[in-house]
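Asker: These are the residues of each chain, in order.
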Amino acid sequence: MEKLVRYFFLLSIILLVVTGIIMFREGRPEWKAYQERYREYLLKNAATPAEKSQADRYAIGVKQVWLPELNRADRCTTCHAGIDTPNGPWQPPLTPHPDISPHSFEKFGCTACHEGKGLATRLPDAHETLTPNRLLEASCGKCHGLEGPGLQEAPTYTSGYEIMDRKACRGCHLLEGDSKSDFHGPSLLGISSKVNREWLTGWLQEPKKYLAGARMANFLLNKNEIAALADFLLKQDLEADNAGLFYGDIGEEEKILDVLSDDEFDELVEQGKVTFGRLRCLSCHTLNGKGGTTGPELTGISRKTNRTWLSAWVRSPATYNPYTLMPTFNMTTIERLGLVEYLLSESEFSMLDEEDPDLILPGADEDEGADGLYNGHDIFQAKGCVNCHRLPGLKPNPEFAPPLKGLADKQIEKIDFGKTTVPRTLSDYIAVKLQSPRIYGDRLKMPDFGFSPEETGRLTTVLLGRSESIPSSYTVKGQATDIPVPAGEVGDIFVRYKCLSCHRLSGRGGRVAPDLSYEGSKVKREWLKNYLEKPYAIRPYLVERMPRFNMTAVETGTLAQYFDLVLRSRDVDSAPDLQLGDPEVGHRLYSDKYVCQSCHSIDGNGGYYGPALENVANRLKTAWLSTRLVNPHPYEPGAREPVMAIPEDERADILAYIKTLKTESKP
Amino acid sequence: MTAWKTSLIPAAVSLAILLGSLYGFAGEVQNTPDKKVLTVRELPDFRITKAEVLYGRYCAFCHGDTGGGDGLNAYSIPVKPRNFNDRTVLIQRTDEELAKVILSGGDSQGLSKYMPAFDKTLSIDQIEYLVDFIRKKLGNEE
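So the sequences go chain by chain: A and B.
All residue numbers for the first sequence refer to my numbering, where the first residue is 100 and numbers rise by one.
All residue numbers for the second sequence refer to my numbering, where the first residue is 255 and numbers rise by one.
Fair warning: there could be bad hints in the mix.
[Stated by the list, open to error] With a Cα cut of at most 25 Å, we get these calculated DSS-like pairs of lysine-lysine:
| hint | chain 1 | residue 1 | chain 2 | residue 2 |
| --- | --- | --- | --- | --- |
| 1 | A | Lys-131 | A | Lys-102 |
| 2 | A | Lys-307 | A | Lys-354 |
| 3 | B | Lys-374 | A | Lys-692 |
| 4 | B | Lys-367 | B | Lys-354 |
| 5 | A | Lys-544 | B | Lys-367 |
| 6 | A | Lys-692 | B | Lys-334 |
| 7 | A | Lys-307 | A | Lys-389 |
| 8 | A | Lys-692 | B | Lys-290 |
| 9 | B | Lys-374 | A | Lys-206 |
| 10 | B | Lys-367 | A | Lys-266 |
| 11 | B | Lys-354 | B | Lys-374 |
[What the hints assert, rightly or not] Restraint-style ranges between C-beta atoms, simulated for each label pair:
| hint | chain 1 | residue 1 | chain 2 | residue 2 | range |
| --- | --- | --- | --- | --- | --- |
| 12 | A | Glu-338 | B | Thr-320 | 38 to 44 Å |
| 13 | A | Pro-148 | B | Ile-378 | 28 to 34 Å |
| 14 | A | Arg-523 | B | Ser-377 | 29 to 35 Å |
| 15 | A | Ser-200 | B | Thr-320 | 56 to 62 Å |
Worth flagging that the hints you see were computed from the coordinates, not collected in a lab.
We put the beta carbon where it would ideally sit given N, CA and C, even for glycine.
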């Protein structure tokens, strides 16, 4: 009996010690030391009585910010006490947060951007699901959407979205705002008259082999599948009516070439080169290493297509493919023939003569890919080709691939990592999937885009920002996109000249040329009409320039009127009129204080990063100039001009000076 | 063999399986031989990527794409922009000095007035990234 009492006593002692240890540890959590250090600093550096009393009132304890709208409670400041106290001799975790105004800590808390576990007050629990700092711009996208205002502060994010746009992720994946894919890749009807079988099979095998910057991905098809798909595609002919319209009398025209002497032919090619320059083809196409990437590269075009198709295409691209980005140019037959010969001749010089060892011949290879599909029609649908390339009778499937909207809200437990050892985080899942799309399973369908590590990082940043759990009171999406894409007469002109292949309007269209959303508040109607008739280089260093479309007077008039009446910014228009000041003072401010001549020239003197200013008052409206001198970014995302924030009186003087520069009545 | 020794065999087998599976999970991402797949941790430093975008937008036209002080605009302003490839210049300046020139413009630091101030355009962080980028990528400093 006594023995039992002794055991009981011993057990009680052990229990007491253990309880004591637990209580001691709970009483001295990690964060207590940080808060004491912080309070000590506050007391020592309090200069005014107000600061002193504030420091006195700082109580040691768990701190929490409650954000009912976001359904979050963040206790991060329990350890990170110094986030809004700059200039302290801080070591982590007390280091202050960088300035992120206009975002306030009271409204956004911490985890809305950084993720992690807001309620935890211990490491590593609190940081377990933290978004890595290098991907942090993803969080901008949660509220700002894909291209809402303010995103110029997030260059990794915006450049990632540009890659997404270019690689047409929207073809298969739904993004926010999408209910179905409206992406249209090149039309494949009549492809047998456009390309030869060798080129097509090579392209299907690895598009990058022909075009380093190809937009199409490698679908990792086996040889049987490629052969079957090529057989199927080469049977897709243009509808009889369209073929007649498209080719018309092209064959007759080409007979002109037969009767030309060698000298006359050379002259034709030479003229083609001039036409190539005049139409500004380089704005969209690359030739021999120079030019844009909106359209396909033209180097080596003779390996891909033939004279007849090229000529018919240049004459009327929309007849072949109604969704093409290429405008219809008004040019004469001779100009067109010359242009085509010029392109083919340029291409011959850069043509590679090597034999392709991977050439795929018609008919299936019996040894390989026994489990592959043998029917081109089925492959076309199963691999998702139909989502980007429309064929009659085949419908794109908007649920072909998982939607990307709401991707960031996915629970990690529900993601299938397959048999890989990829770290179990959403960001790693995305980054690895982008680089090796079939790594989580052989049956996955995503093709290989061959993204570089840099591209992978940028894309991961955008994808990690696709959240749908943010309440609408926090989002700033769509402010820049409230103007509908025009229909009717103006819409017809937009379609004919493919304005939105290069320009952007309401968040749609290309990024090559300026956004048109506020063009009416920006330029004067008379100037615009003249410019559309005879475009000239506003920024002479750019390769991409506005082509001369030879528009009719009615067309230019209609467009100028539409721009002036509709494409307006209320903010710019409603700004109070500026009383012009003293041009002498303005001149001094221009050249000594703000040193505008670093980038702008007047009569040839000065830099040329920005437009020349001698006739700028003919071109731009005063209210627009005035807002630009404050901050160009709200009206031109990605503007290259620094924010000058020039005060009103100085703006009045500078504008007065600019107005004296109206030297001639040149448009 | 005694009975307790026999009972050790299944125990040893299960221990071996347990250790083996732990070893398997501890491995790196399986890479196909011709393609290296990187996890987020191994991706290139994003601060440099970010700075590269900003440099291209605001700086390259004067300072040159590779920082040689030979951008297109360098020939139309009276004072040549700084050549960042020239290490002798960068070494003389602290990060704070470089940041100040970007922040407040050349004039404020007794340098060329043709260098504008970016205090209202770039955040302090972005300027830090740019300084880092100028030193590491353009100045080839370690």
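Asker: With reference to the structure, classify each hint as holding or not holding.
Answerer: Quick rundown of the hints versus the structure:
1. A/Lys-131 / A/Lys-102: violated, 44 Å
2. A/Lys-307 / A/Lys-354: Not OK: A/Lys-307 and A/Lys-354 at ~36 Å, beyond 25 Å, violated.
3. B/Lys-374 / A/Lys-692: Holds: B/Lys-374 and A/Lys-692 sit about 16 Å apart, inside 25 Å.
4. B/Lys-367 / B/Lys-354: holds, 14 Å
5. A/Lys-544 / B/Lys-367: Violated. A/Lys-544 to B/Lys-367 sits at ~56 Å, over the 25 Å cutoff.
6. A/Lys-692 / B/Lys-334: Roughly 19 Å separates the two Cα atoms, so the pair holds.
7. A/Lys-307 / A/Lys-389: Status holds; Cα separation ~18 Å.
8. A/Lys-692 / B/Lys-290: Not OK: A/Lys-692 and B/Lys-290 at ~52 Å, beyond 25 Å, violated.
9. B/Lys-374 / A/Lys-206: holds, 24 Å
10. B/Lys-367 / A/Lys-266: violated, 42 Å
11. B/Lys-354 / B/Lys-374: Roughly 13 Å separates the two Cα atoms, so the pair holds.
12. A/Glu-338 / B/Thr-320: 38 to 44 Å: Hint violated: Cβ distance 52 Å, outside 38 to 44 Å.
13. A/Pro-148 / B/Ile-378: 28 to 34 Å: At roughly 31 Å between Cβ atoms, B/Ile-378 and A/Pro-148 fall inside 28 to 34 Å, so the hint holds.
14. A/Arg-523 / B/Ser-377: 29 to 35 Å: holds, 33 Å
15. A/Ser-200 / B/Thr-320: 56 to 62 Å: violated, 34 Å
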